[in-house]
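Student: Residues per chain are reported as follows:
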Amino acid sequence: MSARELDALDRHALVMAIWLPLVLVAATAFHYGVAAGGWPFISAGFVVLLAAFIGHVIVNIVFETRFTASEVALGLVTYCVSVLGFGLAMLLSSSAERLYAVPVTLGLLGMASAIVVTMILWLGLRGAFESFDVIRRFRP
Amino acid sequence: MTSLLAIVLALFAAFALYIAAQSAKYETGPAAYVDAGQSLSSWICIFAGSAVLFASIGPYDYLRLLSIYGFQANQLALSLILVALAAALFQNRLWLAGRITGSRSLGELFGAHFQSPSIRIYVLFVLFLFAVPLAATLLGSAGELLAQMSGGAISRTLAIAELAAFLFLAAALGGWRATVYIVAALSTVALVLLIFSAAFAGLVFDGLSIFQNGFVVRDGLLGNVLPGVIQFSSGIGQEVPAGGLWTTTAVLSFALAAVGAALSPSFGFLTLTMRSRAGFALSQVWIVSGLAAGALLLLGPIVAGEVGPSGDLSVLAMKFAAYDQLAGVCVIVMLTAMLVIAVAFFTTSGASIVTIELMQRYVLPGLAPDAERLAARITLAVIYSAAVLLACFLPAVAAVLSTLALPLSAQLFPAYLGLCWLPWMSRSAVLVGLIVGSLFVIFTEPPGLIFFNGLFVELPWGRWPLTIHSAAWGLAANVVASLLVAIFTQRDEERDRRNALHAVFRRDHRVDFGGRAARSAKWALTLLWIFLALGPGAILGNTFFAHPVFTEADLSLGVPSLWVWQVSFWIVGVMLVWWVAYRSRLSAAEGVFRAGELQPPSGAGGVRRQPQWIAALVARLSERQNPATARDRRLRSR
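Line by line, the protein sequences give chains A and B.
The first sequence lines up with residues 1 to 140 when you count with my numbering.
The second sequence lines up with residues 141 to 778 when you count with my numbering.
Hints in this document: simulated from the structure, not taken from any laboratory.
You may find that some hints are simply not true.
Derived contacts from chain B toward chain A, CB cut-off under 10 angstroms, selection only [what the hints assert, rightly or not]: (1) Leu151; (2) Leu157; (3) Ile159; (4) Arg317; (5) Thr328; (6) Leu331; (7) Met474; (8) Trp663.
Computed list of chain A residues with no C-beta within reach of chain B, every gap over 12 angstroms [to be verified]: (9) His12; (10) Cys80; (11) Val117; (12) Thr118; (13) Ala128.
All residues carry an ideal CB built from backbone N, CA and C; glycine is no exception.
So that you can see chain A by itself, here it is in the shape it has in the complex:
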């Protein structure tokens, strides 16, 4: 195996070492926040996820890499499922659960902002925009 593949494996293991505990902590914060803790714990859950994301970005900087295709796919799917789930819960839930609408909405927006800010810092404004410019790719 080449040194490059070994570096990729190193990076992968490090990324998992960062996400593994922080996802567990975030899940606990959300669980307790919804059950009894209220908005401070839900917000704390998003802060923990944000910390994990920042850790991931730092790893990318240290290893001079970008997010891999599978990481982007996993992140997008998780994010979309969360947004969809949250939207459905808001539509179908009783009024009591609307108490969590503000922190969860802000949290989800915060995560999206973090991703956008990272892309701008990384690729510049034009580069970040071009990443979403799908039509351009289909031009002959």
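The hints should help you fit chain B onto chain A, whose structure is shown.
Tutor: Relative to chain A, chain B alone:
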């Protein structure tokens, strides 16, 4: 909670197996199975190396002791600074010596430098203590915790067997690389969940009140102060020290025992398998002395305060689970991770080192890489089987033998000094020191006491007499004996060989202690820090911030004076380690080296001579197989 716990643990097991499978898939070849091709990246040292040093003071037992003894046991967290100082002193030069001489393990290095198979055997014995009895004791604790928390759904034996089976599978599949990846991940799990537990306890059930109200300890124990500089007690098992065990002398001597982790063959092996030295200083300064010691000092009391004087950590998980089931699971995962880090690390490194130093050198020299991997897997299976059997059926034996691991490892201090700094430290000096020091350790720990009391007469002392840890008794005798013998043997015929390595150190890797004044300042400040943070001077901390000296006024900080003293000396300690590791360039990663410059023509570790009796035994066993093969051939031909 049992099903939730089972799901989370299953996810962790799946992660371990996934990482192991990835490591096996991408590893360069079977030769890299045992030592990861000596190409582990520096972040591994930052995470996994720090976790092993963190595990040296036993965070699980630390929380237990904290809940029983209160803030006097919190002083033990400062041991990590001494451990980091020891790592700064030796880790860089050990790595360089390994590269320069082409050695793959600590035993090979010591064996080649001192030309002594006895030191190799000693290293292997210490390795055995870490890999089997200590791992068994930790596995037993983890199994007991999981059995308790499952409410009887799984037995202690089953929990131990399952934990060991997953750890074995991951290590057998991915080898040394997979194990250090898993240890690194577990270290972040333990640290993050410790921070989370403290935050949860502080926010949900007012855990911060521990700093105002102090620990609830049993009658006769002093929860907020150190119980003296020394106590003239006969030792544990003979006499109970008044006010608690953790006198300043006990704390300092415990710190010396904790240094044994940095000197252990397994930690040395991790150092030798790193690709570069880039992560050493960062790990020693910011992770071990900064983050790990700080987390224990600042957050340990908040978490342990919820346990109560019984010291039963399952109470902690129950308390968290009463508020939130997942929070309870987090606590159990944290405690299990604290235990499993050392189990995974010491067992797998044990298998690798035994393969290199015993199988490849004495039993089957010239093993092909494929066969070496098979030998390592078989050794790993034997080590895990022994650990599981001890943990399940002989926990008392495991506990008694495991007490020797750290103090006997600490006895390697003069050998490390000889290898890294003092060329005049001769083989005889190191050997005499090891023998004398080990005798002192054995007779101030349960194995020696039980053996002697059972066979001969009752000894008038117990474990750790005068509240001095066995490691300190052993080291004192060891250092005196080593120095005395070194005076007479420093000009022996092996001196030229030892000088060669030190000449390379002087040529290419000079440390920068500065001028005479700076050098004196560094020594003086280090000794002063040890005296005030861990040694007799720490007794001042009992009242220093409550009833300051030179004034009649009393202060009311709202927290125990001792805790403020501990935090102050933690901050000073981090600066001290930074000064030593970075400014004095003890852990500097710069400087060129010529790989294999001093490697003997016969290969790393010198001439590989298979002892005749082992050769005869191997030949006899292999001959026995031949008739069977011939018989098979005959049967097939019919």
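Student: Evaluate each hint against the coordinates.
Tutor: Evaluation of the provided hints:
About 9 angstroms separates the beta-carbon of Leu151(B) from the nearest beta-carbon of chain A, less than 10 angstroms, and the hint is met. Given hint, Leu157(B) at the interface with chain A, is violated; its Cβ is 13 angstroms from that chain's nearest Cβ, farther than 10 angstroms. For Ile159(B), the interface hint holds, since its Cβ comes within 10 angstroms of a Cβ in chain A; the closest pair sits about 6 angstroms apart. Checking Arg317(B) against chain A by beta carbon gives a least distance of about 8 angstroms; that is within 10 angstroms, so the hint holds.
A distance limit of 10 angstroms between C-beta atoms decides the matter here; for Thr328(B) the minimum to chain A is near 5 angstroms, and the interface restraint holds. Because the smallest distance between the Cβ of Leu331(B) and any Cβ of chain A comes to about 8 angstroms, under 10 angstroms, the interface hint for this residue holds. The beta carbon of Met474(B) is positioned within 10 angstroms of a beta carbon in chain A (closest approach about 9 angstroms), and the interface hint is therefore held. Given hint, Trp663(B) at the interface with chain A, is violated; its Cβ is 36 angstroms from that chain's nearest Cβ, farther than 10 angstroms.
The Cβ of His12(A) sits about 7 angstroms from the closest Cβ of chain B, inside the 12 angstroms cut-off, so the non-interface label is violated. With 12 angstroms as the threshold on Cβ separation, the claim that Cys80(A) sits away from chain B holds: the shortest Cβ distance comes to roughly 22 angstroms. Look at Val117(A): its CB is around 24 angstroms from the nearest CB on chain B, clear of 12 angstroms, so calling it non-interface holds up. The beta carbon of Thr118(A) is kept farther than 12 angstroms from every beta carbon of chain B, the shortest such distance being approximately 21 angstroms.
Residue-level check passed: Ala128(A) sits 28 angstroms from the nearest beta carbon of chain B, beyond 12 angstroms.
The structure fails hints 2, 8 and 9 (numbered hints given earlier, in ascending order).
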